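Asks: Construct the entire structure; sequences and hints are all you get.
Here is how the chains run, residue by residue.
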Amino acid sequence: MNDVKNIEQEIARLIVDTLHLEDVTPEQIEAEAPLFGDGLGLDSLDMLELSMEVEQKYGVALRSDDPEHIKVFVSLRRLSEYIQLHRVR
Amino acid sequence: MPINEFIADRERMNDQWRGRRERGSRSMVRLIIWLALRFGRAICRVLLVPICAYFLLTAPLARRSSLAFLSRALNRRAGWRDTFMHLFVFATTLLDRVYLVNGRQRELTVEVSNEPAFWQALAQGRGCLLLGSHLGSFEMLSIIGSVEKKLVINVVMHLADSKGLRDLLPSPGHALPYNVIPLGHPDSMLKAKECLARGEVVGILADRVFGGERAQSLPFLGHPARFSLSPLRLARITGAPVLMVFGLFRGGRRYDIVFESMAELTLPCYVEQLERKARQFPYNWFNFYDYWSV
Numbered sequence: 000m001n002d003v004k005n006i007e008q009e010i011a012r013l014i015v016d017t018l019h020l021e022d023v024t025p026e027q028i029e030a031e032a033p034l035f036g037d038g039l040g041l042d043s044l045d046m047l048e049l050s051m052e053v054e055q056k057y058g059v060a061l062r063s064d065d066p067e068h069i070k071v072f073v074s075l076r077r078l079s080e081y082i083q084l085h086r087v088r
Numbered sequence: 000m001p002i003n004e005f006i007a008d009r010e011r012m013n014d015q016w017r018g019r020r021e022r023g024s025r026s027m028v029r030l031i032i033w034l035a036l037r038f039g040r041a042i043c044r045v046l047l048v049p050i051c052a053y054f055l056l057t058a059p060l061a062r063r064s065s066l067a068f069l070s071r072a073l074n075r076r077a078g079w080r081d082t083f084m085h086l087f088v089f090a091t092t093l094l095d096r097v098y099l100v101n102g103r104q105r106e107l108t109v110e111v112s113n114e115p116a117f118w119q120a121l122a123q124g125r126g127c128l129l130l131g132s133h134l135g136s137f138e139m140l141s142i143i144g145s146v147e148k149k150l151v152i153n154v155v156m157h158l159a160d161s162k163g164l165r166d167l168l169p170s171p172g173h174a175l176p177y178n179v180i181p182l183g184h185p186d187s188m189l190k191a192k193e194c195l196a197r198g199e200v201v202g203i204l205a206d207r208v209f210g211g212e213r214a215q216s217l218p219f220l221g222h223p224a225r226f227s228l229s230p231l232r233l234a235r236i237t238g239a240p241v242l243m244v245f246g247l248f249r250g251g252r253r254y255d256i257v258f259e260s261m262a263e264l265t266l267p268c269y270v271e272q273l274e275r276k277a278r279q280f281p282y283n284w285f286n287f288y289d290y291w292s293v
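Protein sequences, first through last, are from chains A and B.
Residues in the first sequence are numbered consecutively from 0, following numbering that gives the first Met the number 0.
Residues in the second sequence are numbered consecutively from 0, following numbering that gives the first Met the number 0.
Hint data in this document are derived by calculation from the structure and do not stem from the laboratory.
Please note that the accuracy of each hint is not assured.
Unchecked claim - Simulated DEER-style distance windows between Cβ atoms:
hint, chain 1, residue 1, chain 2, residue 2, range
1, B, Gln119, A, Glu9, 41 to 47 Å
2, B, Ile236, A, Pro33, 17 to 23 Å
3, B, Pro115, A, Arg88, 41 to 47 Å
4, B, Gly124, A, Asp2, 39 to 45 Å
5, A, Glu9, B, Glu110, 54 to 60 Å
6, B, Val45, A, Asp22, 56 to 62 Å
7, B, Glu263, A, Asp2, 45 to 51 Å
8, A, Asp16, B, Gly238, 16 to 22 Å
Remember, it's a predicted structure, so these values are computed and weren't measured experimentally.
C-beta: ideal position from N, C-alpha, C; glycine also.
Replies: Below you can see the structure in the form of structure tokens.
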């Protein structure tokens, strides 16, 4: 359980750093809130930057033709779970 | 896509477009499609004269926005003749788009300038990002990507726009000459990046701001207008080579496809080059709403 919390915090930090979010701290990102649109308010270019960073850092490729990926983008929690499950580094 | 000047995209257009005028405009589009597929181009162009005259009288927003734009682009007070010409050029490109998506390119003569720049960009193997606009007819691009050349073209656009385009197709068997990447999804830009990574072409109409996109206000024809920051951000993230492109109607059957390199990969540069072309070909400007108010 601790692992899950840790990776969530790590990914939250990654989101804030990669996208240079100025008015949000990693702690403020709600685990279940949507990342895209209402919620954190990321746009699809943010999602692209985020997916490239995730691929580089964890070796997890998020592809648009993978039916799983759209669910992964739903929230910090889903993204973190997915990364933890598939990471190669 | 320019085709949709008259088919409202509720998220994007301002309130001016709603209501009665919107329905009137949509019926003009339907009428042109119907005529185009039943009669030849020459007859249709003659029929466009009364259609445009009617539209000039009954579409105050198109008339007002045309006068405002042309006065600024031509550096003189535009009159109803200018606006009629403006509508006629727009209606002609609308007509020709019907022929184009239905595989009847032979109706038109198309000249391409600076084409080597395009093939050189593609030869880098990172795809090519084409920044288009509503100056001219973006659909002309499908001529470049004809079947023989085996070029895959993708166009980023709103779903309402692609739906409007599909209306141009006579039957479900016909397909658009390019793939549509719908905007507004979390993975829209991821899709665009994957296309570029496969060495394909991705086109974006960069002269309008969609929904809550980040935008910058820049002088256009002497007055501030808002421009989206997204297309150039995509260029920076992907590292794909960028060209501007215009599909300009030159009269008669003739179109020019013009590729232009950008002096710098910046938004002011895009706006400046767009402005220069808009002054050169003002009647090809197909943003029929108050461009400066949005």
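Asks: Now look at each hint and say whether the structure bears it out.
Replies: How the hints compare with the structure:
The beta-carbon spacing between Gln119/B and Glu9/A, approximately 42 Å, falls within the hinted interval of 41 to 47 Å. Separation of Ile236/B from Pro33/A is about 22 Å and conforms to the stated range, judged on CB atoms against 17 to 23 Å. Checked against the hint of 41 to 47 Å, the pair Pro115/B and Arg88/A passes, with Cβ atoms roughly 43 Å apart. For the pair Gly124/B and Asp2/A, the supplied restraint of 39 to 45 Å holds, since their beta-carbon distance comes to about 41 Å.
Distance hint check for Glu9/A and Glu110/B: the Cβ-Cβ separation is about 56 Å, which falls inside the suggested range of 54 to 60 Å. A hinted range of 56 to 62 Å holds for the C-beta pair Val45/B and Asp22/A, which are about 59 Å apart. Between Glu263/B and Asp2/A the beta carbon distance is about 47 Å. The supplied range of 45 to 51 Å therefore holds. At roughly 20 Å, the beta-carbon separation of Asp16/A and Gly238/B lies within the given 16 to 22 Å, and the hint holds.
The structure shown violates none of the earlier numbered hints.
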